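Engineer: If you want the building blocks of each chain, they are given just below.
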Amino acid sequence: MMANPIRGKTACVGLATAGCGEAPGRNAMEIMVEAVHGALADAQISLSEVDGLFAATAFHSMAAMSLAEHLGIQPKYTSGSNIGGSSFMAHALDAAMALEAGLINVAVIAYGSNQRTAGGFRSISEPMPFETVYGPRNPITSYALATSRYMHEFGATRESLANVAVSARKWAQLNPEAFERGDLSVDDVLSARMISDPLGKLDCCLVTDGGAAIVMTRADRAKDSPKTPIHLLGCAMEHHHRMISAMPELTVSAAAKSGPRAFEMAGLKPSDMDTVQLYDAFTINTILFLEDLGFCAKGEGKDFVMNGRIAPGGALAVNTNGGGLSCVHPGMYGLFVLIEAIRQARGECGDRQIDDAKLCLAHGNGGVLSSQVTSIWGRPETV
Amino acid sequence: MAGDGYFDGPGPERMYNDFVDNGKFMIQRSKSTGAHVFYPRTINPGTGEADLEWVEASGNGTVYATTVNRQRPEKGGDYNVALIDLAEGPRMMSRVVGIDPADVKIGMKVRAKVDKIGDQPAVVFEQAE
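Residue numbers (this note's numbering), protein chains in the order written: chain Z, 1 to 383; chain X, 384 to 512.
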């Protein structure tokens, strides 16, 4: 089989987060720029070398242009593809292609949000025609509908869902950057205020501030990087709908298509992954994506997440930063998913570090289970 | 086909809302494929023919997914939001009304009616006998 022309040819050489949790007095752009500064310092690459820029936020309709102007640079290639929280995995694929084609030499992917200190959840979504009159509170209502269907088809209970939240919290307790680190029990999750049945408050992601950025270069330059370069081995996207009412099957996301193609590009399989970072905006996400990406069969996710199997010390290291449920969720969480995968592959995760993590999956979700982008990252020896 | 007037006049969103304002629940059907379509589209989704026509919906449906959006009583109280599989095939978001929102169950047979949600006419569903 001919090697995929993108596999391993580019790598993340710098990363940073900024303002995670609460960043009072700082706006979304300022948080994003702080993250860019941190990522470039991590890569030891100067701002003037950045010639490819990729960004999306809920606060800036033309985020990459606003960011370039704030940074005072004139990129040769700019993209602001917005497919919700999965945008940043898509940006990584865009960046890999632009780098490998020689259009650019240094790509920066960035995100920033101050939604928490600016008054609460900031949606990037316009009202959906043919749904709005019925009063869905999106995104929660849409995920609640998917959860209801999943419970109906597979006999799952709210307790299964609660185990996802509790496992995420246990990881968060090992992560100094995580926003919610208090003890959490299954009973706490079950007894929390209901928002949109069957989802209660603790089935839902946090509402925080936060910014993130990564720097990517071609592999030839990455090998001289001060930090271990983490190569993009596979990346694939798919989306099936925009509104939940147009989702073909509420229990099968487009990750069932993006995942296998990402693994095919990487020449790897689910059991090769040392850590699995999944976009957990709601507890149902983790279960659906474990199934759709091939870590267990359809309908088995509800059992897979029980008994601490995805908690620290469990069989599979899932959402090791604490996830969107307990670590950080500023509205579009994807770049934080990606950064946790790369931090694990670098071996920088302290108490939550997975021994000898070489291959890490970062899966992004956007909209209402709409857009799915799967990316697979590996240390230099995996290329 | 260009020039046959297919794209003239109000678009499908306006036409659907005008039907509902007049108490009618209309969906679309592709002349070439025979498949019914909801939500209202400009051309046949997936295949692209400009041949969608309006037909009256049977009004029969089945609850595919359901949730109770929790809301304080002073703001109107809890309400149902459901996805309904229409007998013709397409799925739509709606509300099942007339029973406790928590009593709406997946698989429940429901029947459409045009009612008002607030001031806005909308197709909602009631439990079928």
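Careful: at least some of the hints might be erroneous.
To be verified - SDA-like, lysine to any residue: derived pairs with alpha carbons at most 20 Å apart:
#1 X:Lys492 - Z:Pro129
#2 X:Lys499 - X:Glu471
#3 X:Lys499 - Z:Pro129
Said to hold, decoys possible - To give an idea of the chain X side of the interface with chain Z (calculated C-beta under 8 Å), a few residues:
#4 Glu396
#5 Ile426
#6 Gly442
#7 Thr445
#8 Tyr447
#9 Arg453
#10 Pro456
#11 Met476
#12 Ser477
#13 Val480
#14 Ile482
#15 Ile489
#16 Met491
#17 Lys492
#18 Gln503
Hint data in this document are derived by calculation from the structure and do not stem from the laboratory. None of the values given here were measured: they were computed from a predicted structure. Positions of the beta carbon are idealized from the N, C-alpha and C atoms, including for glycine.
Engineer: If a hint holds in the structure, say so; if it doesn't, say that too.
Structural biologist: Status of the hints after comparison with the structure:
1. X:Lys492 - Z:Pro129: 25 Å, violated
2. X:Lys499 - X:Glu471: With Cα atoms ~24 Å apart, Lys499 (chain X) and Glu471 (chain X) exceed 20 Å; violated.
3. X:Lys499 - Z:Pro129: Holds - the C-alpha atoms of Pro129 (chain Z) and Lys499 (chain X) are around 17 Å apart, at most 20 Å.
4. Glu396: Constraint on Glu396 (chain X) satisfied, holds at 6 Å.
5. Ile426: 16 Å, violated
6. Gly442: With a closest approach of 17 Å, the Gly442 (chain X) hint is violated.
7. Thr445: 12 Å, violated
8. Tyr447: 7 Å, holds
9. Arg453: 5 Å, holds
10. Pro456: This interface hint is violated because 14 Å lies over the 8 Å limit.
11. Met476: 4 Å, holds
12. Ser477: 6 Å, holds
13. Val480: 11 Å, violated
14. Ile482: 15 Å, violated
15. Ile489: 4 Å, holds
16. Met491: 11 Å, violated
17. Lys492: 15 Å, violated
18. Gln503: Nearest chain Z Cβ about 5 Å off; hint holds.
The earlier numbered hints that this structure contradicts are 1, 2, 5, 6, 7, 10, 13, 14, 16 and 17.
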